[in-house]
Structure formats: C-alpha cells, structure tokens
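Colleague: Knowing the structure of chain A, use the given hints to seat chain B on it.
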Amino acid sequence: MAEEKNTQLIEAGTGLPADHKEDIIQYIVIKVGNEQYGIDIKYIDNIVRMQNITRVPKVQSFFKGVINLRGEVIPVMSIRNKMGLEDDEITNKSRIIILKVDPSALIGILVDEVRHVVNIDSENIEKVSHDNKSEAPSYISGVGKVEEGLISLLDLFVIIGEEKGGND
Amino acid sequence: MDVSQYLGVFLDEAHEHLQTLSDQLMVLENDPENEDSINEIFRAAHSLKGMAGTMGYKRMQRLTHDTEDVFSAIRGGQMKVSGGLVDVLFQALDALEAYVDTIQNTSDEGTEDNESIIVELNKILKEGTGGGGEEEKAAPAAEQAAPAEAASEEAAGGDEKALYKSVKLDESQSSTMKDAIVAGKHVYGATVYIDEACLLKAARAFLVFKAIEEFGDIAAVDPSSQDIEDEKFDFNFSMFVVTDESFEKVEAAAKSVSEIVDIVGEEYTESMLGANEAEPAPEPEAVVEEVQPEAVVAAAAPAAKAAPAAKAAPAAKGGAKPAGKPVANRTVRVDIEKLDVLMNLVSELIIAKNSLVSASSNMTSSNSSDNQFNEQIEYLESVTTNLHESVMKVRMVPIESALQKFPRMIRDLEKTLGKKMTLTITGEETELDRTVVDEIGDPLMHLLRNSADHGLETPEVRTQEGKPDVGTIFVNAYQDGNNVIIEVGDDGKGIDVDAVRNKIIERGYASEERAMQMTDKEVVDVLFDPGFSMAKQVTDLSGRGVGLDVVKSKIEALGGDVEVKSKMGEGSTFIIRLPLTLAIIQALMVIVGGEKYAIALGNIQTIEDIPISDIKLVENKEVIQLRGTVIPIVRLSDILDAPSKNDPNANLVIVIVKKGDSLAGLVVDELIGQQEIVIKSLGKYINTGRMISGATILGDGEVALILDSNALI
Chain A
1 MAEEKNTQLI EAGTGLPADH KEDIIQYIVI KVGNEQYGID IKYIDNIVRM
51 QNITRVPKVQ SFFKGVINLR GEVIPVMSIR NKMGLEDDEI TNKSRIIILK
101 VDPSALIGIL VDEVRHVVNI DSENIEKVSH DNKSEAPSYI SGVGKVEEGL
151 ISLLDLFVII GEEKGGND
Chain B
1 MDVSQYLGVF LDEAHEHLQT LSDQLMVLEN DPENEDSINE IFRAAHSLKG
51 MAGTMGYKRM QRLTHDTEDV FSAIRGGQMK VSGGLVDVLF QALDALEAYV
101 DTIQNTSDEG TEDNESIIVE LNKILKEGTG GGGEEEKAAP AAEQAAPAEA
151 ASEEAAGGDE KALYKSVKLD ESQSSTMKDA IVAGKHVYGA TVYIDEACLL
201 KAARAFLVFK AIEEFGDIAA VDPSSQDIED EKFDFNFSMF VVTDESFEKV
251 EAAAKSVSEI VDIVGEEYTE SMLGANEAEP APEPEAVVEE VQPEAVVAAA
301 APAAKAAPAA KAAPAAKGGA KPAGKPVANR TVRVDIEKLD VLMNLVSELI
351 IAKNSLVSAS SNMTSSNSSD NQFNEQIEYL ESVTTNLHES VMKVRMVPIE
401 SALQKFPRMI RDLEKTLGKK MTLTITGEET ELDRTVVDEI GDPLMHLLRN
451 SADHGLETPE VRTQEGKPDV GTIFVNAYQD GNNVIIEVGD DGKGIDVDAV
501 RNKIIERGYA SEERAMQMTD KEVVDVLFDP GFSMAKQVTD LSGRGVGLDV
551 VKSKIEALGG DVEVKSKMGE GSTFIIRLPL TLAIIQALMV IVGGEKYAIA
601 LGNIQTIEDI PISDIKLVEN KEVIQLRGTV IPIVRLSDIL DAPSKNDPNA
651 NLVIVIVKKG DSLAGLVVDE LIGQQEIVIK SLGKYINTGR MISGATILGD
701 GEVALILDSN ALI
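Each protein sequence line maps, in turn, to chains A and B.
Just so we're aligned: the first sequence equals residues 1 to 168 in our numbering.
Just so we're aligned: the second sequence equals residues 1 to 713 in our numbering.
With the rest of the complex left out, here is chain B:
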C-alpha cells in the first residue's frame, strides 16, 4: 500500500505523541503513582506504535512496542516507576525521535535497531514483573487446550445475524487490516451476541475482548468501545480481529465468557474489507484513540507475551479511563507555504489599494461621482485591512510549541551539570507568527542553557549565599503593543561586569582606557559580539565562542532585538523583543529632509510640537522635558544625512517612540499621516546597519524606507 500521502499526517501526529510522552514522563518522574500520566503515556505509545506499523516502519514499531509493554506492566501494577526506568524510557524516547527525524528527512526510518535500549527495556520488564517468562509459555498452552470444537456455525447464523457486514470501517482501520492480510495474518469479522438477561453486558464485552487479545488484535469494534463501556449498545456487538489463529479459536475464546450466547463471523479478504469501508469518518482519529487503549495488541514478539496478566489489568482498567470524547474539531491543517502565498497576495492588494488611495487624493472631489468613488475607496481600504488582519491571525500560533521541549531539556541539564533547578514558563499561550515561532526555539534554547550552565550556581554555593538550593530558570512571554516580549532568566549569580571588563582588556577587544570608560551596559553588550565568549571552560553546552552573538543575529534576522538586565548575585534576564507581524504594519509616514520615511505606529507613544526654547542640554545631549520625564531627542536629519529644510527657529515636530521603559524623541520635518505599509527587504547587497529595517512601496510607486525606532533609542 502506498502510504506516502499520509507521511505528513504521520509526522505531525508522531511529533504530538512524542511530546505527550515526554511531558507525561516528566510528570511521572516526579509523581510515579500518577495514574492519569500512566494512562496518557500508554495511549500515546500505543497510537505511535499503531501509526508506525501502518506506515511500515518496523524498527520504530518494535521499539514503541517494547516501550508500551513496560507501561502496560506499570499500568497493571506489576512494576513501579523508578528513576532508572525513567532514564531508559527517555533514551527510548530519544531513539524514537531520531526515527521520526530520519523519516522526516529521508522518508525512511533508517537502519538503527536500538538493540541496546530494547534489551534494557526487556530486562527491566523481566525484573519488574518477575517470572513473566514462565507465564508466557503457560498461556499459549492453555489456549491450545481450549475446546476447539465448533465448526461452520456462521452458515446457520445467516446474514441477518452477521451484523459485522454493515459495520463501517474508517480508512486507518481498514488499511491496518489490509496490511495484516498482506502480512499473512487472518482477519475475521464477527458479531457477538450476549444473553439478554445479562446485567453486566459491558463487562462481558470486555472479557470477550480480553480473551481474544490473548492471541490476536482487535482492529475495530462497533459500536465504539466508548459506547460499549457506557453500555450504549444492544445485546450484540461486532468486531474485527487480526490474528494468526483460526476463526474457531476466536469463537472459542468468545464463548468461553459466560452469558455469551452466540458468535457469528467469517474470514475477511482484502476485497471484502472494501465493502465495509466508510466514507471518511468525521473524526476518525478520535475513534482510533478510543478503541486502541483497550485493544492491547499482542503481536508476535515474545516480549509482548511476557506478562499476559499485565494485559488483563489494563483491559479492566480501561473502564475507568477518562471519558469526554472531543467535540468534532473544526480545524484544517494548512501548509504554511499556502499561507505565505496568501500573505503575499494580500501585500500586493494593499500596495494596489494604496496607489488607488493616492490617485484618488489627487482628484478634485467637486462632483458627486468623485465622492462616490472616494466612498468606495474607503470601503476597499477597510476590507483590505480586515483581510490582512484575518490572514495574520491565521498565521499566528501560540509560542507553546517552541517552549514545550524545554522542561525535558532542563531535566537533562540538571543531571549533566549536577545542579538543582526548576523551570517555570508563563504566557505560553502568547501568539506569534508561525515563522517566528519556528525560528525562536534555538535562540531560546541557547539562553536557557546559558542560564543553566553559567547563570545558576551549584547547590553548595547557593546554600552559602543564603539562596534556596534549587535554582529557578524562567521563561515569560507576553504581548506588549505591536511586540511580543520573551524574558529568559535565572536567579543565579548574574553577570560579573568587572570580569567581563577584564576579559575585554585581556583579549584585546578594546584598550584598557576604553574598557574602563565603558558603561556597565556597554560592557554587557560586548557579550553579544561575535567571537566573545565568557565560558571559563568549554563544556558540552555552551562556551564554544559561538553563543550570544548567534542568539542576537538570529533574533535580529526576525526583526527583533535582545537586551540583558543583570544584577550581581541576583541573576540575569534576557529580554527578547519580537515584532508581532512580519509583513504588513501600520506606520506613520514622515518627511525628513525632503525624503519620506515610515515609523511603525506600534512604537509611537505620542507626537509633540515643541518650541525650540524647550530643548535643554544634558551632558551635551539634547533633551526635552515632557510631563515630568526627561526624554533624549534624536535629530533624524542628522543621523540620516538629510539636511532639514525647515526654519531652524520654528517649533520642532517630535515623534516620541518607546522601547520597553525607555523613550526617545525623533525630530522630523513634517508629518504625512498614518498608512498601512508592506515591509520589503532591501536585499543582501545593501548593508544599512540597524537603523533602516526595510523599505516599502508607496501608492505612487516610490520607495520609502522604514526606520527602526528601537535601534535609535
């Protein structure tokens, strides 16, 4: 079967399941008795195994299978969660992740068997469950002894009893079964009848499942297992069984349960399955999720048979698993490239709209048809703005997906570094453009490692300093106007400014005289400079000379910036500021020296008209006092080399811009007004430094540059 078309879905879901496994393992490590976690892990591992099997990734399936067995035993209470076990499970998880990565890159799972992990898992399982191996042999023997009478009863049953024929199978179910047929296994459709006097029909149904699961796999049931569990069915149910055994065996197993009056069924071929294939079910995933936890698979691998008793427990426990079927999910997965195309089209539309606006403003609006034209232009303007906002919203995703791997990373760091630390994350629901979320993970990871490696002290030192021995690392994300702020920090020792200053001199980065003159902030900023690393020793984690400078350049490439606040002995915080949107912004258009510039509206606090006499000099820098605050002013005509044509004694038009807590006043010659602009890159050849963040095309076809006010503060 060609499964390549499902590869994308497989990868998406595999990542989700692996993340669930990782998250829940972390919970389990701290709370080994947490049943919800165990169930959750079991479910995720099981789904993962099923998916890997369907896609034909045998190695991955085998590893998941063995992992699942361990959880099966834990869930059944045969063994306890221990630190050593969690470590091995994390190894298994890493190996699974490696499979998924390989599949993502090559569409193939590769050739790594991860034998050592499998051996380790089985060892743990053996030790944990104790003597499982003996039962393994006993169980099949018992089954062999089971009465193997019963012959072609299904013929007598007739079609009206063979309700399985009308069961609708969804795609994944039927493909699993087709695969099984291809693999030489038997697939049987069967309908089981329960005595109408039976009081506990759900329990009977489970006993049937349990019995069949001794030697086979229940690929589908109808009604759904959830409904069976809730007793929402008549006195019969249908199922599809995948097994190596004969139908007689299935029949015998079912009839061995008391109050089962009859079972009809037959072997299915591939073509017969086709008849049962449903239209794509509205929520096939939900159905699979619900069914599989009970349908504990006993495949051919010996390890699976190691603890038949372990399987009884999960099946029984299945009755207590969290209910609450998800409401039909009204979402669509869309390729990000399609959204990029849509975004580009919206950009083009806005440029076209801007040129219409500019053309219409040149017309005299004396007659009524012109007025009507202007009305329509205004309408178009509001439609394009709304369209842009909608497209932006579609592209926005919570930053959570970039943060969720960090708890695991901190756990690992805790072990390798021998420090105690906790990670707190707030604001993971803050939304950012998908592209930014995809790119921000690496810089954040670097900062976190930095905090763990260089920021936090060892527990002994912390105790001496009177701090709690467990260090805290935090990630806080929140929205601030047109920006999203991500703070990454720790309560460690902070940056030793004098040590950095000495390093600067020692490495000849700056002369001693210059270094002594540098403010603390300037010194700290040197840390972001390429090639300057503070690490006293090179560790696995950081300190290879690439570090903060890479973080900085990555963040700047995303249109953001990063600064650091640090206090000796109290810790440091890196503050990352990212633009909410990448492509289209509202901007204030201004004129400086006859040239048009755009300033992002989100950064503007107010616009002031200030008499020249109000400008004061502080340390040779021009400032103004505004409502009690002293604000430095920047004459844009000077820094842009665009001599102002205004009367030097006239009042100054000052645009007050903010960046976090700091303000600055930008002196412009003239204001044009607010406009929606599309940000275009200046390309790779032209190097403008930080001051110009891009360019935009105005309604008249002219190019105007966009000033990055954050770089001017």
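The following block holds chain A by itself, in its conformation from the complex:
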C-alpha cells in the first residue's frame, strides 16, 4: 500500500515545521466538498492512499468498512457521510487518514484530498461556541486564521465519538 510520509507534506506546507513552539500547533489541511478543514497533526498516525475497503454489513452508514493496515484491521469512516454531505466520490486524490485519537484503537477517515501542513499560532485560533453556518458546527472545535484565509479545525473526538449521532 502506498503511504505518504508526513515530511513530504510538511515540505509543501507554509511554516517552519522544525520550530516547535508551544503555542504553535501544526494542522494538516484536508478538503471535504468545497470546504477546507484542519486536523491536529498529533492525532495522525498515517495517511494512506485509497485502497479496497471491505464493506461491513449492518453498521452505521458512515462506516465505509474496514481496511488492512500493516496486518491490522482498521475501520474507515466517511467524513462526508458523518457530516451529512453527499456520498464520497473516490478520485485519485482521495486519501484515508489514520487517526490515533485512542492509541490502542486506530480509525481511518476518508477525505477528498490532503492539501498541506499549516502552522497556526494559538493566538490565531478562535474557539467556536456557536456558529451561523448551517452545516454541523459541532464538528468544529475552532477556526484558524492563516494567510490564505480561514480554516475550520475539526474536533476529532466529536467526529469519531459515538455521543453525537451523526446522520445514520
């Protein structure tokens, strides 16, 4: 399976990755639909290319199924389905981001595209309490300001957690 090293992504990024200041958080920018989202890099185990996903019957609809990652069986969920968007269209750019929110249980999320890495100073992050945007604001933990504009930062605990029902 093709695995992209994080370093490649970092090269394409905007900031200086080696500089680990405490108030600077690195985010991987992904594209879902027309929207760009940021995922905190510390929760990312790996990013893999699209591969054959084995469907699992009778599970919540946002689970696409399971994949084989280095001999382990990992569930994969569609972030589109979870957010209530139309179904995924698999392209050359589709990626599965393997998250290790719980280090003992990996989970993959299917995204349309992985763009690059950004460094966002915590001063430039605004926490979202409530938002006028109609689409599921609860999946967003905050909004980060970068040169190119605003990036919604995903709240991974809500995305993969079971407490929020999703659109099953």
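None of these hints come from the bench; they were simulated from the model.
Even for Gly, the Cβ is constructed at its ideal location relative to N, Cα and C.
Please note that a few of the clues may not be correct.
[As the list claims (entries may be wrong)] Selected chain A positions facing chain B (in silico; Cβ < 7 Å): (1) T54; (2) V56; (3) V59; (4) F63; (5) N68; (6) P75; (7) I107; (8) G149.
Modeller: Coordinates of chain B only, in the frame set by chain A:
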C-alpha cells in the same frame, strides 16, 4: 536479602498451598478423622509458613504458624476437629488469602494483624489440648537441667568426621539459614554418628530430630529425611540446626538419645554457608516438602511451645506419611505474555503463508521449478499448521483451576442461605485457552450463586415437593467439536416463565400485548438483558440488577454464548459455549453477493446442493428437509445486504451449520474452500452486532469478515 525475584514463585505456590488447605479442610469437615487430609493440611500450612518467613512476611507467617499449631495438635491426637474449629480455620484461610492478594498487588503484606483470629486459634488450641500452657513452662526448665557439659569436642573429631561440610544445600535452605543468622539466631552444622550395632537407626535419627526440635529448627538434613526414614543411610547423618541456644545444647540433646555415639559440628556463619550451596538442585521443592513435615518448627512464639507433647506425635507419625517422591517434573513455568507474543508471531506467519499460497496459485504450474515451488509451499503449510496447533496446546490448561474455588463457595452459601446443597463437578480436566480459563471464573461463580440463591428451594419446600432435601448444583464441562461446553445448573424450582412475563409487563420492558406473544424462550432471554433482575429481595449474593446480563456480556466477550434451559419444578441449566481457540481457526471461505466471508469449520455439519423446488415454506419461513430433519434456511445475501448475483432459479449452495442440537442452512453464492484464518478484532468503533465475530486478512491482503454462525441459528 533481596527476595523480589522469588515473588512470582511465592505467589504461585502460595495459591497452590491455599487451595490445598481449602480443599482438604472441606474434606476434613465431612470426615474429621481423615488422617491423610490432616497430614496434607499440615504439610501445606507448614510450607506456607516457611515461604512466608523466607519472604519476610511476618504477619502472614505468624498466622500460618498458629494455624499449623492447631493442626499439629489435631495430628497428634490432642484435639478433635469440630465444626466451630473448621469455621475459624476457614477464617484464617481467608485472612491468609487476603495477605497473598495484598502481596500480589503491592508486594507487601499490609498491616492487618488478624489478631482476633490468632486469639481464637490459640483459645481453641488451649481448650482442645487442655493445660498445654503448663507443659510449656516445664519443658524449657527440663532442658535447662540437661547436662551442659561437653565442650570443644568437634576439634578432636577432625574434618574427616565433619561430613556436614560436604552437604549440598539448596537455595531455599541456605537462604532460610542466612536469614536466621541475620535475625541473630545461631546456625550449626553437625554430623551425628549412630552406634553401628543399632537396629533401629531411623528411629534413633528421629529421636535426635525430636530432641533438637524442642528448642530449634532443623533447616536441612543429609541424606534426605525420606532416605533416613527408609533407613537408606550409613551410621551417620548430617543436619543444619537453627536455634537460639548454644551448640552444647544441640550436642546434649543429640547425645541424650541412646545409641548415639558421637556428634561433631560447629557454628556456621553466612560465608560458610556459601561453601555448602549446591548448584540449583533438580527438584528443590520436593526436597523441602519432604523435609519440613518432620522438622516441626518451634519458633519463639509462645503458642508454639504450648504443646511439646503434640510435637512428639507428629515426628513419630512422620514415619507413616505418604511416600512416593514425585518423579522429576519436566515442566517450565512460562509467562503468559511470552506465549501471547509467540501466538502473534504464529499469526503473522500464517498470514504470510496464506499470501504465498495465494501468489503461487496465480502462477502457471507448467514447468518443473513451479512444481517444486508448490511442493515447498505445501510443506510450509503443514509446518505452520502444526506450529499453530503446538502453540495452542501450550496455551491450553484444564478448566479445573477456574472451578476449584467453588466447593468452598457452596459450603459458605449453604451456611448463609440455610439451604442444603451439594456441588458435583465433572469434566474439570477439559482444556481451554488459558485466557478463557482466567476469565470464565466470575461468570461461572455468578451462575452458581444464582442457582444456590434463586434456583434451589429451602429444605422444607423441597421435602413438600417430594424432592430430596439436599439440593444438587452441578457444573459439567466437556468438549464439543471446536467448542467447549460448560453446563451450570440445579435441580431447584426452575424459572417461572409466567412470573418473568408479568415482571416484563410490570416494569414496562415490553407492552402487555407483546409480552403475551413472546415465546417462553424469548421471555427467558429477557433475563439476560441489562438491568432486568428477578430477585424478589436484594441479598448479598445476587439480585442487584447486575447479573445474567453481565454473565452474558462476559461470555460474549470471550467469543462464546450462553443459553438457558429450564423446566418448572425440575431446575434450570445454563449452557455456556466457548470457542476452543481464540486466535486462529480453520474456516470455510464463501462468497455472498461478491463479497468473501469466513465460516468457522467447526460449526459446519455438511454442505448441500439443493434444487430451489425443495424449499418449503413453514410459518412463512423457508425450510428444507434433509434426511428426515426440517432445517430452517437463512439467505445470507438478505441478512448481509449483499444481493446475490446468482440465477434465482439455480440450485442453492447451502452450508448446514450446527449449534448444539439445532441446525440451520446458510445459503451462499459460491464456495471458495477451506483456509486457516487469523481472527482479528474489528475494533471498538464499529458495532456489528453479533453476526460478524471479527475479520481476517486473506493471502492477497484483502480483509474478509468472519460470520458467527451461532448467532444466525
């Protein structure tokens, strides 16, 4: 001395000894005169005390010591076993278990002295032996009066007489003695010579031991006490004595026995002990076991001195103790984690082998080198299969260890509940994966308590119903194909289905209409549902709303299932079905709607090719008739939401699966073949219900799901 490295061994053995004590106490309670039991208990208590002492657990040692004294008196015939005594001894046992648990958790014995139990034990001992306290004072006095002449005779004896110098001590013996030296006691090595005209040299040797045991502890003898007992020694023997007294006293004690011609010896220091340390003996445990029963320890605690006469008897009786030294035990204790690692490696190997098999099947086997390649692959296949089986076997242990605490539990329940009951256990030798055996104890305990508390009636009710007043609770374990079945049940009143039905309505679990429609089996199944408890009153034992549902979830977590069969007035039986192995199974690979699924081979009875016209409808359900049996069929394409691509009028391929006595036919699109698969969990995020029990990685790297046929029946 750093004993932490022995902690694991200590815990293992402490558990063993405690179990022996518990088992034998139960025997003794029913048969107070059983000498074998008394001896067995005495031996276990003694070993336990020695171990606790070596490890420096003083409180535990003290309690064992006093327990041992009581047995010493019983063994010597000074007192009788009574119900009250057994109760106190069980209390002592529980306290000892608590020590061991605390040690297991914290490496320390804690601060609980269990004073009340010790007081109670000593009281019983005093009452039982009568006036032991007076003798206590008399004995040392007599010893004081003993001639204390004899001086440095050992110098005259010379080295060739000091045979003790060449005695090999094993680790536990020398460490006991080193501890004693550190504790300020004296350790003497000595060789005793018996008159060559002596006819009963074994008896003389025992008298010497007995005399020395009045004031000291014999830490080691050479030859072994077993050999001395069997008179397999020349006219001398060597021993190591731990005492507070001087060597003169030892000498005098030995010489007070007739036909003892000489004794040579000297005080040992720690460094001198080093010279006697042997290479680790092949079976040190056996030696210790054999020596200690005779070497009745008289430590400083006054209680120990309470009945010197009591000690004479055990020493003499020691001659009649069961012989039969165990043959060298060719086993190794292995950490279960190491086996887990080994198992994982075997799993990886099997996946790699499967991908080789899959790669080789894609090759054209036209030339000879390919044929050779295939031969080697087949060879590899058989080697990995054997390797897997061997590793599995290593992990298998008899279920006995999970069951052995139950007789004691039932005894206690009998007292608290005021019911009469007996427990019968069969098939305790049935083997299961170690992990399962470790986990199954709690659910079984719960079911047994359930039987005792809710299942069995009171003796009065039983008599009225014409049943024997003693209720029977049983645990039967046996292997059934790839499963192990454990049945837990009783001959009590059984489950009152109508009462459960009323409860269901009363608690709003289901509407009245629905509840009335439920079959008896469905009603009983509700009992396994979280939060539903039948207990009319909350007792200590069960009925807190957690119960059968916990049992069920625990068993399901182990990959098994549980069902109940019950008949009003005749009792209920819980049937637990557990997989024999947890990680690797033989499976039949099938295709349903273009997707690959695995079905455990052990659950498959036959595979049938059935024309569509043979399918009949019974109560709107599809069935087939096979050799006189009506079997319901399940169309996997429907329940897996995987539309079949087969011609709807073509013959059906039906896999007949069994679960106990019931059968079901699973309709699949295509068969692929048999394969060894490694079971992988789907993880915690994805909730598949019971139908999918896991996934496996195929030779080509694809993931296939494993169907749990038991959930489909």
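Colleague: Each hint: holds or not?
Modeller: Going down the list of hints, with the structure as the test:
no.: 1; hint: T54; verdict: 4 Å, holds
no.: 2; hint: V56; verdict: 6 Å, holds
no.: 3; hint: V59; verdict: 6 Å, holds
no.: 4; hint: F63; verdict: 6 Å, holds
no.: 5; hint: N68; verdict: 5 Å, holds
no.: 6; hint: P75; verdict: 4 Å, holds
no.: 7; hint: I107; verdict: 5 Å, holds
no.: 8; hint: G149; verdict: 32 Å, violated
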